[in-house]
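Chemist: Sequence:
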Amino acid sequence: MSVPSRRTILALLSTACAFANRAAQAQATADSRKGFSYEDVVERAKAVANQPFDAESSKIPAELSKLTYDSYREIRFRRDKAFWRDGGSDYRLLPFHLGFLHDKPVQVHIINHGDAIPIPFTTGLFEYGKVPVPKGLSPALGFAGFAVTTNLNDPKIQDEVISFLGASYFRLIGRGHRYGLSARSLALDVGGKQPEEFPFMRALWVEEPSRDATDLVIYALLDSPSVAGAYRYVVSPGRETSVDVTATIFPRNEIERLGIAPLTSMFQAGEGDLAQRSDFRPEIHDSDGLMMQSGSGEWIWRPIRNPKALRISSFGDKNPRGFGLMQRDRDFGSYQDLEARYEARPGYWVTPQGDWGDGRIDLIEIP
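Note that the sequence shown covers residues -26 to -1, 1 to 341 in mature numbering (1 follows the signal peptide of the UniProt record, and there is no 0).
A hint or two may mislead.
BS3-like mimics (lysine-lysine), calculated; alpha carbons at most 27 Å apart, straight line [unchecked claim]:
hint, residue 1, residue 2
1, LYS130, LYS78
2, LYS55, LYS130
3, LYS130, LYS109
4, LYS78, LYS33
5, LYS40, LYS78
6, LYS167, LYS109
7, LYS55, LYS78
8, LYS167, LYS130
9, LYS167, LYS55
10, LYS167, LYS40
11, LYS104, LYS130
12, LYS104, LYS40
13, LYS130, LYS33
14, LYS282, LYS167
15, LYS130, LYS40
Hints in this document: simulated from the structure, not taken from any laboratory.
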């Protein structure tokens, strides 16, 4: 059984977080400087925000943008070329090829002993299957993102634990899970009067892990017509994989709806929907509800539905303690899909650090 199309997408937004709006004249710090850190990314984001948005630099060669869904799936990173495979660490870094919908080039760097070293693009890193190997691509082309693997489920097997691919999306899984919903670094004008804007990563930096490292540190430079931003992600794989996110956002202009810690999931059908369709599977979804713990400590559960028209449910709050999109039903019999395995899809829970002030959590159901 094939995975269903994502007919219903949900965006979980918290609009409570304040963000930086300081004037900046700082110039971008060179990648090769010693002691590369989050502060370097912040300075770069300041400089980018002080300049007009550069749409031309985010374009890729036509032969890559014309790749179809099937042809793009033919292109795979060669596992024998994985970065850190000979360094003794349990982690491996595998960049994604540009093409198809993934048309925003990302410069990927490895931080080694404080030096940020860019990874040059070469077709030798990839297997192209039935797709002709492209010619004449620049080493500075960049990538679409990357995946990180580690011994998540078995000491002898490398499994993906987190990936960055497309816009500001990233996905992570814990032990025994399969990929499902996605997290986003930032959401702009979702469900508002203005068309939604999709910020994207211009650059990613990954600290090369030591032999005994348990956590992985990733930095990102985000850009869009309305904002630039610096991000730091500390990834801790395990039974429940966690990511500690630090962000500094610099707006270029006013933003109607700023979404902090947004989540995007799929819901096609749930309990009670079987009589309305021909699909034999009782339920089809990556998440079945929105869970929240308010600033006062109250727990709230809102089941997800597949509406016929756009529906926005807002929950005003002050200093929320947590929120997330969850997959509570773990019974295979509820889904009966041997390929998709919806019962193994993870839930994502966001725990705000510090006081986020007044705002709201929006559940946006898009048919």
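Chemist: Among all the numbered hints in the text so far, which are the ones the structure does not match?
Modeler: 1, 3, 6, 8, 9, 10, 11, 13, 15
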